[in-house]
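Trainee: Full structure from sequences and hints, please.
As you go down the protein sequences, you meet chains U and R in turn.
Going by the numbering used here, the letters in the first sequence line up with residues 894 to 1059, in that order.
Going by the numbering used here, the letters in the second sequence line up with residues 2 to 347, in that order.
It is possible that part of the hints are untrue.
[To be verified] Stretches of chain U that chain R covers, calculated by requiring three or more beta carbons in the stretch to come under 8 Å of a beta carbon on chain R: (1) 897-905; (2) 909-916; (3) 956-969; (4) 1007-1018; (5) 1036-1042; (6) 1046-1054.
[Stated by the list, open to error] Cross-link-like lysine-lysine pairs, in silico, DSSO-like; alpha carbons within 30 Å at most: (7) U:Lys951 with R:Lys136; (8) R:Lys84 with U:Lys951; (9) R:Lys28 with R:Lys67; (10) U:Lys1054 with R:Lys111; (11) R:Lys46 with R:Lys28; (12) U:Lys953 with R:Lys84.
The set of hints was computed from the structure by calculation and includes no laboratory data.
Here a beta-carbon is modelled for each residue, glycine too, at the ideal position from N, C-alpha and C.
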Amino acid sequence: MTVEEYNDCVKQYADNVYRFVLKNIRDEDKAADIVQDAIVQDAYERMWRHHRNVQPGKGKSYLFSTAYHVLIDHTRREKNSVRIEEADLREYTHSKQYSDLQEILHQALEQLPSDQKMVVMMRDYEGYSYQEIGEMTGLSESQVKVYIYRARVFLRKYIGKMEVVV
Amino acid sequence: MSRIDRNNYEIWFIDYMDGILSDESEKQLFAFLEKNPDLAEELDKFEELTLQPADISFDAASRLQKSEADVMQIARPDFLMIKQLEDGLTEAEGQELAEEIRKDESLIRKGREYRLTRLAPELIEYAGKHSLIRKEIRPMLIQISRITAAAAAVIFVMIFGLKVFNSVPDEDTIALHPLEPLPADINETVEIEKDLKNIIEPYNSAKLLSSRQKVEYSVSDIQDDIKRQNTTIESSGTMDAPMVPLPSRGFDQTLFVSVPNAYEAGLRHMMPMYLDLNREKQNFIAENREPASPEETNSILVRGIQFVDKVSGDLVNFDKLYDEDGNFVAYNLKAGGFEVEKKLRK
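Mentor: This is the structure:
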């Protein structure tokens, strides 16, 4: 990857990476802004250090892979990860009436385990295939598929509780 | 194997049907059967006995098959609806889902809810994007800048360095001043008397000698000796008279007199002659002027090299070399692949 190609990656994907990080760091974290910015900077810094060895077409994957692993480490440190399938879904339901579907969806997304949440975001936001997500996260393709399917089931149940949505 | 008889013939029969009897054993078996026709008839019945597989099927086998939905621990209809959303269904799966929906119409609503689970990307802009942009000086540009810096350094040294380094330092030129004319008459007696007085008095007062060696020598004695010598010289009327050394009085070995070494003595002897010989050479004899300060002498060169050194970073290195006395005696200049080390002229 040349310097120009690196800079193209900045122009094209910095917003995407930032969004990915932003959605995976809890808003109530006091240092959320600093951490989000640091993770984006860190991802690009790592890519810059190895930019000669990164293939031009793999820039976005490299960035997301780096961000994913940093976020996983961060999540494990913060010990915020909760296994939804081991928890009662009723714990996460609420009686508020929502009219904005995306708002509800993002509420539901916040309740997902971090690994499920990230693969769903990679799938829906970035349009990656199971194989690509597997390469970026280090998970097997079938494991990625399981995460996505289980996340869909949870999201459907969550929005199914909202009377207004349907 | 033992010989065949009516007690062990079954083992022989089984081995025969399994085809593991040797030729010799088979001959024994057939001989035995000729003698026992009833057992030969029994062997024929053994050979006719075969088991036929029963035609039985397990109707619930399909229920034991596992699908991807089971691996995911998701109900089959849910799996099909999610797969329809994610990857699309095959024709068989489509028919299966349609069949499931016919059985349970609530799946229509479920399917609609699944379609809503797809996240719509938000437009979020990263404010710090511009800080991630990198710039890199191309290698060719670096090479050109190195060559330029090296060339500048070389030209600078050629223009200013030769002039400064090859010039004769001011401290090497000597300004000659006209000497005061010597007085026509030198009163050596008075001068020597003064000198001796200056030497002996502090010598005695300091009591540096032991009492036995103490000089008992007065100024008047020395004056008498000098007068005696002068009288001898005047009476003879010539300087050719042999000089008689004064008797040693024992103190000349202990006086603090700094005797010049041979080099200094030679230098003092030769220097006036050398200066007289070169008196007419104007280049050698400097004008009576103030010597230039070191800053002035090297100002152009030093400033120039400092400028090149600062601009070029590590590309051009200029090192001064000094001797033990701290004198600037040589310089070393490195610029790219060019390196000059030169000694300064004294």
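Trainee: Hints first: check each against the structure and report whether it holds.
Mentor: Each hint, compared with the structure:
{"no.": "1", "hint": "897-905", "verdict": "holds (count 4)"}
{"no.": "2", "hint": "909-916", "verdict": "holds (count 4)"}
{"no.": "3", "hint": "956-969", "verdict": "violated (count 0)"}
{"no.": "4", "hint": "1007-1018", "verdict": "holds (count 4)"}
{"no.": "5", "hint": "1036-1042", "verdict": "holds (count 4)"}
{"no.": "6", "hint": "1046-1054", "verdict": "holds (count 5)"}
{"no.": "7", "hint": "U:Lys951 with R:Lys136", "verdict": "holds, 21 Å"}
{"no.": "8", "hint": "R:Lys84 with U:Lys951", "verdict": "holds, 28 Å"}
{"no.": "9", "hint": "R:Lys28 with R:Lys67", "verdict": "violated, 58 Å"}
{"no.": "10", "hint": "U:Lys1054 with R:Lys111", "verdict": "holds, 12 Å"}
{"no.": "11", "hint": "R:Lys46 with R:Lys28", "verdict": "holds, 20 Å"}
{"no.": "12", "hint": "U:Lys953 with R:Lys84", "verdict": "holds, 26 Å"}
Going through the hint list in order, the structure does not satisfy hints 3, 9.
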